[in-house]
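Engineer: So the chains spell out like this:
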Amino acid sequence: MEAFFQFVVGSPINIALILGAVLFITTMLIWFERRMLGFFNERLGPNRVGPGGIFQSFADVGKLITKEDWVPPFSDKFTFVVAPLIVPIAMLLSFAVIPIAPGVGIMDLNIGLLWIFAMAGLGAYSAMLGGLASNNKFALLGGLRAAGQMISYEVFMGISILGVVILGDSFNMREIVEAQKDQWFIFPQFIGFVVFLIAGLAETKRWPFDLPEGESEIISGFNTEYSGMKFGLFFVGEYIGMLLLSVLLPVLFFGGWYAPFGLDIPNYPIISGVFWLCAKTFAFVVFFILVRAALVRPRYDQLMNYGWLIMLPLSLLNLLVTGAVVLAQGN
Amino acid sequence: MYDFLKSQLYIIWSQVVTLWLVFLHMFKKADTVEYPDVMPHMFSRWRGRIILSRDPDGEERCVACNLCAVACPVDCIALQKTEDENGRWYPEFFRINFSRCIMCGFCEEACPTNAIQLTPDFEMAEYVRQDMVWEKKDLLINGTGKYHDYNFYKIAGKAIGGKGKGEARNELPPIDRRSLLP
Chain A
29 MEAFFQFVVG
39 SPINIALILG
49 AVLFITTMLI
59 WFERRMLGFF
69 NERLGPNRVG
79 PGGIFQSFAD
89 VGKLITKEDW
99 VPPFSDKFTF
109 VVAPLIVPIA
119 MLLSFAVIPI
129 APGVGIMDLN
139 IGLLWIFAMA
149 GLGAYSAMLG
159 GLASNNKFAL
169 LGGLRAAGQM
179 ISYEVFMGIS
189 ILGVVILGDS
199 FNMREIVEAQ
209 KDQWFIFPQF
219 IGFVVFLIAG
229 LAETKRWPFD
239 LPEGESEIIS
249 GFNTEYSGMK
259 FGLFFVGEYI
269 GMLLLSVLLP
279 VLFFGGWYAP
289 FGLDIPNYPI
299 ISGVFWLCAK
309 TFAFVVFFIL
319 VRAALVRPRY
329 DQLMNYGWLI
339 MLPLSLLNLL
349 VTGAVVLAQG
359 N
Chain B
3 MYDFLKSQLY
13 IIWSQVVTLW
23 LVFLHMFKKA
33 DTVEYPDVMP
43 HMFSRWRGRI
53 ILSRDPDGEE
63 RCVACNLCAV
73 ACPVDCIALQ
83 KTEDENGRWY
93 PEFFRINFSR
103 CIMCGFCEEA
113 CPTNAIQLTP
123 DFEMAEYVRQ
133 DMVWEKKDLL
143 INGTGKYHDY
153 NFYKIAGKAI
163 GGKGKGEARN
173 ELPPIDRRSL
183 LP
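Protein sequences appear in the order of chains A and B. Here the first sequence is numbered in the numbering used here, starting from 29 and rising by one per residue. Here the second sequence is numbered in the numbering used here, starting from 3 and rising by one per residue.
None of these hints come from the bench; they were simulated from the model. Note that the structure is a prediction, hence the values are computed from the model and not measured. A virtual CB, placed ideally from N, CA and C, is assigned to each residue, including glycine. Fair warning: there could be bad hints in the mix.
[Stated by the list, open to error] One side only, chain B facing chain A, incomplete, derived with CB under 7 Å:
1) L21
2) F25
3) H27
4) D33
5) T34
6) V35
7) N144
[Unchecked claim] Computed spacing ranges between beta-carbons, pair by pair:
8) A/I179 / B/L23: 29 to 39 Å
9) B/I104 / A/T94: 46 to 56 Å
10) B/T84 / A/V89: 51 to 61 Å
11) B/E125 / A/P40: 52 to 62 Å
12) A/V89 / B/T34: 17 to 27 Å
13) B/I104 / A/G149: 46 to 56 Å
14) B/Y37 / A/S255: 28 to 38 Å
15) A/I179 / B/Y4: 48 to 58 Å
16) A/M56 / B/I104: 36 to 46 Å
Next comes chain B alone, as it looks inside the complex (with noise of 0.2 Å):
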C-alpha cells in the first residue's frame, strides 16, 4: 500500500514538473525562420538547383561524356554529344527534368570535368509541368561554379585545335621514339 501511494504521487509529481518544464518553453524565442520573408541560411554544400559551369576561359566545360546521365538514380538527365571543329566535344542538347530529380548529387560526384554542379539554390517550383524541364541554356552558367581554376583541356592529354600533345599543365613533351638519346 506504501509503495502504491509512494509510485502514484511519483507519477503525479511527474506530470506537475513536465507541466512546469513546458511553461517555461513559452518564454523562449521561437527557432522558427519565417521563410519567405527572412532567408534561411544556405550552405554552400546544399544540393539544389543544378547548373552547368564553364571554365575559366569561358567554354563549355561538359565534354558529354554521358556518366551523369548513367549515374542519375531517376534518368532525368539526357544529353547528345557533338564536336567543334577543334575537336572540343560538348553537348549538342543537354536537358534535366526536375519534376523527377531527386537533387541527390551523384551526377556532380561522377562529373570528370566539373561541369555539373548543385548550387543552393531551392525556389524552382513552377505551374506548369513542362517548365520544369530545362534545356542547356537554362542550365549554363556563365562562370565556373565551385571550383573556380579548373579546366579539363588544360590538364587532359586530348590534343584539340589550339593545344597540341604535351602542352597540357604538368606534362611531359611527348617521347621521340626514334632518338636513342635519353
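Just chain A, with the same shape it has in the complex (with noise of 0.2 Å):
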C-alpha cells in the first residue's frame, strides 16, 4: 500500500488523478454552489437529485446534452462553435502547473506562473470571439465589455503578483511554496493578495464582475445565443476559473500544501498536503460564492476607474516597496 503512494511529478497517476479530480470537482461545484447561494439566501437550494441533491449537476448536464444544439444562421459559424471550446481547455491546461502536494502534481514548469497568465490570457478569447460570432448586438456588447476588463484586470494581477515572484525568487510554483515553508506570503504581501484577489474574481468574470453577462442590462452578454452544451462549456469553463483561482490563492499567498499552527501529519507529507490544500481550496470556494451571493455589480465606468486608478498604482506600489524591502535586507 506503501508504494501506491509514492508518487512523481508527472507520472500517469498523477495526471489521470488531478485531471479526473478537477472534473469531478468542478461538476460538483456546479450544484455546491446553487446550494450555498440558496443557503445564503435563506433558501434550500436544489436538494431533489439525489441526497441533499447532489446529482444535480449530472441532470443539469443531462439536460444541456439532450438539447436543441442550434448555431444561429447569422452567425460566423466555425468561430462560434470554436469560441467556447477555448476557455475549458485554457482553464484546464492551467492547472498543470499547480503543485498539490510534495510530489504530486503534472509538471514543474519554470515559467509556471507565467504559464497560468498565458492560459488566463487565452481564457478572455473565448468571451470575446463569442460576443463576436454571435452577430448579435447584445453579444457584441458583451464580449466588448469582457475583452475590456480581462485585458486590463491582467495588467495589474500580474504585477501584483511580482511581489510574491521576489520573495519567493523564482516563477516555479512548486518553489514558491517551499519558500512559504516559515511564513506564509499573506503577511507580508497583504497589498498583492487584496489586489490578486480581485483582480482574478474580474478575470473569471465572477459575481460582482459578471458585466460581460450582465443579464440585468444584457440579457446574457457574450453567450446569449448560446444554447445546450455549448452554452456548458462557457459555464463549466467559469467554474473551472472559480476551481482554478480558488487553488491559486492558497499555493501563492496561504502556503500552498503547508499546514497552519504545525497541524500537519507527520510521516504522511502527501495525505498532509493534499488535504490542506484542499481545505484552503474548499475555504476560497465557499468565501466566492458568499461574494457572489453578497456584493451587487458596478457600473462599467467604476469599474475601469477602480481598476486603473486604484488597483494599478496599489499593486505598483506594493511591487516597489517589496522590492525595496528586499534589496535593503540586502544579500
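Build the complex from these two chains, which are given one at a time in their own frames, with help from the hints.
Structural biologist: Shown next, in the form of C-alpha cells:
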C-alpha cells in the first residue's frame, strides 16, 4: 500500500488523478454553488436529485446535452463553435503547473506563473470571440466588455503577483510554495493578495464582476446566442476558472500544502499536503460563493476607474516597496 | 486627497460588512416550504378551484342568472338556463374552461345566490388540455361551501312549488288590496 503513494511529478497516475479530480470537483461545484447560494439567501437550493440534491449537476449536464444544439444562421459558424471550447481547455491547462503536494503535480515548469497568465489571457478570447461571432448586438456588447475588463485587469493581476515572485525568488510554483515553509506570503504581501483576489474575480468573470454577462442589462452578454452544451462549456469554463483561482490563492499566499499551526499529519506528507490544500481551496470556494451572494455589480465606468486609478497604483506601490525591502535586507 | 481616501475606505468597509451580514444568513432557517412533501397553509379566502354549492336543503343554489358569465373577464363560463316543474331555475349545463380562468373571483362577487365559490385548492394541473374544461357534474359539490345557512328561495319573494307568496323568511303575507282594513 505504501508503494502506491510513491508519487513523482508528471507520472501517469498523477495526471489521471488530478485531471479526474478537477473535472469531478468542477461538476460538483455547479451543485454546491447553487446549494450554498440557497443557504445564504435563506432558501434550500436544489435538493431533489439524490441525497441533498448531490446529483443535480449530472441532471443539468444531461439536460444540456439533450437540448437542441442550435447555431444561429446569421453567425460566423466556425468561430461560434470554437469559442466555447477555448475557455475550459485553457483553464484545464493551467492546472498543469499547480503543485498539489510534495511529489504531486503534473509538471514543474520554471515559468509556471507565466504559464498561468498566458492561459488566463487565452481564456479571454473565449468571451471575445463568442460575443463577436454571435452577430448579435447584446452579445457584441458583452464580448466588448469582456475584452476590456479582462485585458485591463490582467495588467495589475500580473503586477500584484510579482511581490510573491520576488519573495519566492522564482516563477516556479513549487518553489514559491516551498519558500512559504516558515512564513506564508499573506503577511508580507497582504496588498498583493487583495489586488490579486479582486483581479482574479474579474478575470474569471465571476460576481460581482460579471459585467460581460450582465443579465439585467444585456440579456446574457456574450453567451446570449448559445444554447445546449456550447453554453454548458462556457459555464464549465467559468467554474474551472473559479476552482483555479481558489487553488492559486492558497498556493501563492497561504502556503500551499503546508499546514497552519503545525497541524500536519507527520510521516504522510502527501496525504497531509493534499488535505490542507483542499481545505484551503474549499474555504476560498465558499468565499467566492459568498461574494456572489452578497455583493452587487458595479457600473462599467466604475469598474474601469477602480482598476486603473486604484488597483494599478496600489499594485505598483506594493511591488516597489517589496523590492525595496528585499534589497535593503540585502544579500 | 484625505476625503478621497476616506470615501474609498468607507466603500471597502461597507463591502466587508455586507459580506459578513450575508454570511450570517447561512445559519438561519430557510423560509422554503417544501411543497409536494409539506402542504403549504392555504387561507380560506384563497381564490382557487371554482365550485358550485348547494343550499342547506341539498338543492342547487345556482339560478342560471348568467351574471357570473357576464362578469367573467376572460369569458370562461358558459351556461344555459332551464326550469324544473316547481318553477325553480337551474342551469341545464354549466361549463368552466379552467385553461382560460384567471381565478379573479369576479364570478363569486357577481353571484346573487352564493352558488359559485372559489376554494383554497390549486392542484388542477392536467396533461390533456380538454381535461381543463369542467362540466356541472365536476363543479357541483354536495355541500354549502363557505355560507352554511343561506338559501336563496327561502329569502327571495319568488313563488315556487312548495312555497307561495309571503312564506319566505322575513317576509309579510301579501296585502289584500280589496280590504279596507289596515
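Engineer: Work down the list of hints and note, for each, if the structure agrees.
Structural biologist: A quick look at each hint next to the structure:
Hint status for B/L21 relative to chain A: holds, with the closest Cβ pair at about 5 Å, below 7 Å. With 7 Å as the threshold, the beta carbon of B/F25 comes within range of chain A, its nearest partner Cβ sitting at about 6 Å, so the hint holds. At a threshold of 7 Å, the smallest CB-CB gap from B/H27 to chain A is about 6 Å, leaving the interface hint in force. Interface restraint check for B/D33: the shortest CB-CB distance to chain A comes to about 5 Å, inside 7 Å, so the restraint holds.
With its C-beta approaching chain A no nearer than about 5 Å, B/T34 sits inside the 7 Å limit, and its interface hint holds. A least Cβ separation of about 10 Å between B/V35 and chain A goes past the 7 Å threshold, and the interface hint is therefore violated. At about 37 Å, the closest approach between the beta carbon of B/N144 and any beta carbon in chain A exceeds 7 Å, and the interface hint on this residue is violated. A C-beta distance of roughly 34 Å is found between A/I179 and B/L23, which places it inside the suggested range of 29 to 39 Å.
For B/I104 paired with A/T94, a C-beta distance near 34 Å fails the hint of 46 to 56 Å. The beta-carbon spacing between B/T84 and A/V89, approximately 60 Å, falls within the hinted interval of 51 to 61 Å. A C-beta distance of roughly 56 Å is found between B/E125 and A/P40, which places it inside the suggested range of 52 to 62 Å. One distance hint, 17 to 27 Å for the beta-carbon pair A/V89 and B/T34, holds here, with the actual separation near 25 Å.
For the pair B/I104 and A/G149, the beta carbons lie near 54 Å from each other, so the given range of 46 to 56 Å is met. Taking 28 to 38 Å as the suggested C-beta distance range, the pair B/Y37 and A/S255 conforms, at roughly 29 Å. For A/I179 paired with B/Y4, a C-beta distance near 33 Å fails the hint of 48 to 58 Å. The supplied range of 36 to 46 Å is met by A/M56 and B/I104, whose beta-carbon atoms lie about 42 Å from each other.
Consistency with the previously given hints fails for numbers 6, 7, 9, 15, ordered from lowest to highest.
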